[in-house]
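Asker: All residue numbers for the sequence shown refer to our numbering, where the first residue is 2 and numbers rise by one.
These are calculated hints, taken from the structure and not from any lab test. Note that this is a predicted model, so its numbers are computed, not measured. Just to be clear, a hint being listed does not mean it is correct.
Claimed, not checked - Label pairs and their calculated CB-CB ranges:
1. Glu74 with Ile218: 28 to 36 Å
2. Lys181 with Leu58: 17 to 25 Å
3. Thr89 with Lys44: 17 to 25 Å
4. Glu48 with Asn168: 33 to 41 Å
5. Gln242 with Lys180: 38 to 46 Å
6. Gln91 with Val157: 37 to 45 Å
7. Met2 with Lys44: 27 to 35 Å
8. Phe184 with Gly24: 20 to 28 Å
Using N, Cα and C, we set each Cβ at its ideal position, and we do this for glycine too.
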Amino acid sequence: MKVVAPMAGISNSDFLNKVIPYGFDVATLGGYSLDTPTIEASKKIVERGRKEFDFPLDEIFSHIENEVDSVKEVHNDVKVSANVRATTPQPIIEIGKIRNLDIVEINCHCRQEEIMSVGCGQEMLKRPDFENFISEVVDNVGCEVSVKIRANIDGVDTLEVAKQVENAGADYLHVDAMKKGVFDADYNTVKKICDNTEIKVIGNNSLNCEDNIKKMIETGVYGFSMARAVISGNLNFNISQF
2 MKVVAPMAGI SNSDFLNKVI PYGFDVATLG GYSLDTPTIE ASKKIVERGR KEFDFPLDEI
62 FSHIENEVDS VKEVHNDVKV SANVRATTPQ PIIEIGKIRN LDIVEINCHC RQEEIMSVGC
122 GQEMLKRPDF ENFISEVVDN VGCEVSVKIR ANIDGVDTLE VAKQVENAGA DYLHVDAMKK
182 GVFDADYNTV KKICDNTEIK VIGNNSLNCE DNIKKMIETG VYGFSMARAV ISGNLNFNIS
242 QF
């Protein structure tokens, strides 16, 4: 599985339709805020210059639905995922019922202070009801479920989180293998997850060249995702070779 992932709010249907031909078989829209707390947090992020997806509550569902259809109309053979965040499972469940959406991805990786302050993004990993939150989504949607996490969060056991995601019944674990002070993916942590779980792991972080992609594949991942290298326009090779 080769995924083009969202980065800094730059991942809409027009962008995805342009980059899918590089060899991606999954395209991720978002990340989107789905309820009042996360939408208000996104507005604050926009005010300081970030390109976040900021849509009113009464427009967000139809917007995502239209974006999904816009990708499917051009690339019907590609799976479309929507990366979303909310303080409760219900808004995510509603998105997971969109007719042409293949994967709903629960955002447990965002590190923007405004998002974390409402208990979302990587703060989700510290919630006592984390596993139940995911299982409620899994049990009530009509598509596959992915959970994107950030590795090496202070006070969080990344492997334990991975096992919780697996126990909750999610189809994919999307790992941003970030590690403080390291300007490369934490391949050891990804390998540890792959060796100790059976969930389909998608590796992410610093996959901006062929060598790094090969190192990520060697960890045992089911697939890998790219964002920054694609958005920057520095992708000078075809990923379909992997």
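Asker: Against each hint, give a clear statement of whether it holds in the structure.
Answerer: Hints and how they fare:
{"no.": "1", "hint": "Glu74 with Ile218: 28 to 36 Å", "in the structure": "holds (31 Å)"}
{"no.": "2", "hint": "Lys181 with Leu58: 17 to 25 Å", "in the structure": "violated (35 Å)"}
{"no.": "3", "hint": "Thr89 with Lys44: 17 to 25 Å", "in the structure": "holds (19 Å)"}
{"no.": "4", "hint": "Glu48 with Asn168: 33 to 41 Å", "in the structure": "holds (39 Å)"}
{"no.": "5", "hint": "Gln242 with Lys180: 38 to 46 Å", "in the structure": "violated (27 Å)"}
{"no.": "6", "hint": "Gln91 with Val157: 37 to 45 Å", "in the structure": "violated (25 Å)"}
{"no.": "7", "hint": "Met2 with Lys44: 27 to 35 Å", "in the structure": "holds (33 Å)"}
{"no.": "8", "hint": "Phe184 with Gly24: 20 to 28 Å", "in the structure": "holds (25 Å)"}
Hint compliance for this structure: hints 2, 5, 6 are broken, all remaining hints hold.
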